Amino acid sequence: MELEKEIFKDGMPKGYYTQNDNRKYVLDTNHCWSEEVCVAAIVSEVRANIENARKEVIAGLKSPLCYHMAVRQMDVKFLARAAGIAVFRVKRHMRPEIFAKLKSSVLDRYAVALAVTPEELKTVPDSEA
Amino acid sequence: MATELKANGKPFVHYHAAHCESGVTSALLRDKGMDISEPMVFGIGSGIFFGYLPFMKMTGLPISTFRAAPGSIFHKTAKRLGAEFVTKKFRNPQKGMDELKQVLKTGQIVGMTTNMYWLPYLSERFRWNFLGHNIIALRETDGVFRISDSMLEHPIDCPVADLERARFAPGPANPHGYMYYLKSVNPRPDLRNASIKGMKSTCFMMLNIPMPIFGVRGMRFLAKKVIKSPDKLGFDEACRQLVGLIRWVEEVGTGGGGFRYMYAAFLQEAAQLFGSGELADLSKEMNAIGDSWRAFSVTAARIVKQRNKEKETFAKAGGLMLICAGREENFFKDLGKVVGKLKT
Numbered sequence: 001m002e003l004e005k006e007i008f009k010d011g012m013p014k015g016y017y018t019q020n021d022n023r024k025y026v027l028d029t030n031h032c033w034s035e036e037v038c039v040a041a042i043v044s045e046v047r048a049n050i051e052n053a054r055k056e057v058i059a060g061l062k063s064p065l066c067y068h069m070a071v072r073q074m075d076v077k078f079l080a081r082a083a084g085i086a087v088f089r090v091k092r093h094m095r096p097e098i099f100a101k102l103k104s105s106v107l108d109r110y111a112v113a114l115a116v117t118p119e120e121l122k123t124v125p126d127s128e129a
Numbered sequence: 001m002a003t004e005l006k007a008n009g010k011p012f013v014h015y016h017a018a019h020c021e022s023g024v025t026s027a028l029l030r031d032k033g034m035d036i037s038e039p040m041v042f043g044i045g046s047g048i049f050f051g052y053l054p055f056m057k058m059t060g061l062p063i064s065t066f067r068a069a070p071g072s073i074f075h076k077t078a079k080r081l082g083a084e085f086v087t088k089k090f091r092n093p094q095k096g097m098d099e100l101k102q103v104l105k106t107g108q109i110v111g112m113t114t115n116m117y118w119l120p121y122l123s124e125r126f127r128w129n130f131l132g133h134n135i136i137a138l139r140e141t142d143g144v145f146r147i148s149d150s151m152l153e154h155p156i157d158c159p160v161a162d163l164e165r166a167r168f169a170p171g172p173a174n175p176h177g178y179m180y181y182l183k184s185v186n187p188r189p190d191l192r193n194a195s196i197k198g199m200k201s202t203c204f205m206m207l208n209i210p211m212p213i214f215g216v217r218g219m220r221f222l223a224k225k226v227i228k229s230p231d232k233l234g235f236d237e238a239c240r241q242l243v244g245l246i247r248w249v250e251e252v253g254t255g256g257g258g259f260r261y262m263y264a265a266f267l268q269e270a271a272q273l274f275g276s277g278e279l280a281d282l283s284k285e286m287n288a289i290g291d292s293w294r295a296f297s298v299t300a301a302r303i304v305k306q307r308n309k310e311k312e313t314f315a316k317a318g319g320l321m322l323i324c325a326g327r328e329e330n331f332f333k334d335l336g337k338v339v340g341k342l343k344t
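Residue numbers (the working numbering), protein chains in the order written: chain A, 1 to 129; chain B, 1 to 344.
Hint data in this document are derived by calculation from the structure and do not stem from the laboratory.
Don't take each hint at face value.
[Said to hold, decoys possible] If you want the footprint, here are the derived chain B segments under chain A, 3+ residues with CB under 8 Å: (1) 142-154; (2) 170-182; (3) 187-193.
These numbers come from a predicted model, not from an experiment.
For every residue, glycine included, the Cβ atom is placed at its ideal position computed from N, Cα and C.
Chain A extracted, bound-state conformation:
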């Protein structure tokens, strides 16, 4: 409930067409309630994805690549296209034991696609951002 109101207090209202008293259309900045619900649902889903990925990396189930992918709101297909690496290889690189053995040239390509440094790519933050 709080999230819905909080997200919209960023000082960036969008324009919506409504009729004024003379039935003429003007831009107004009042949004519809359904938009709040939808944006809050999407933002909380993205945040939950990131947090899940972080926990899985710390538990040793997934590689840090999975976390950085979640931060950039990508999926495996998207990341594969962005980095120019085949989908099945990206899926393999999600496993921590295989990710640990990757060559620096492959890591660089991921780093460019995700806009992080190669060192950052190997780690995840300890606490929730």
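Here the structure of chain A is known, so what remains is to put chain B in place on it, guided by the hints.
Only chain B this time, still in chain A's reference frame:
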């Protein structure tokens, strides 16, 4: 509304707009001295549309778009108003940025397609991998671009590195630094002829594309899918899909009601232009259709929030979509008849 200086010292007036592409196009035209509003551009460029693309996914959710393909509004409007324009795409990001700086120095303002996720000035709720956001670059000083984003109320700054990233975002549907600007405009544009062309092509796109996923047929197709979705996908996944749908109706700069209010505004202006009472009546009908899209989005939001479970069901949401589809079919048939009678 805010005034800003361009690279050659002349003023540029920034207007708040509902939709990025029609806002950018009207700003470019206004800058060349043509006084044209955003809804007018939207109507002339045949912006209104419906398409459901289940095979194209953005962040795991299918696309159901309420407007024509990105880029087509600018293209069609400029052509129909007799303006000369230049569009460019680049393979090399460095070349793309150099070209942009060079064009800006000549005093032009340049429209660009960007990926929304990488624009640093936007807040969290805007930042997702949407690869068709249009902005205008005004000038460049010391590695910072002055950007006029028609979705926002005021012009804003953006660093060069971030803008390069946004224009050349790696991944599917990379915009490849797509940029466009107007060379010259027709001093006496034929607004009446352009509006008629725009409305005719809209009627064709909504009614006659022989594929079940576009236009009125697409709405019916999606409505049936929404009704079946809780049984097929389970409640949680169906809600996720529904949230994705609300986003396309209300959130992506539609001006409310899936662009339907903006189109009603266009019809109102067109009615004044032609002095036609029939168009004014159609504008009212379009406003009512916008209201029913809004009713659909509110019902959908209630389903997601699980309010009043017995009344607010997927069947009701799908039914509202079917009502919208029926009304729009009649609407565009009527519009086709009215347009046939108009004189240029």
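Outcome of the hint check:
no.	hint	in the structure
1	142-154	holds (count 3)
2	170-182	holds (count 3)
3	187-193	violated (count 0)
This entry does not satisfy hint 3, going by the numbered hints stated previously; all others are met.
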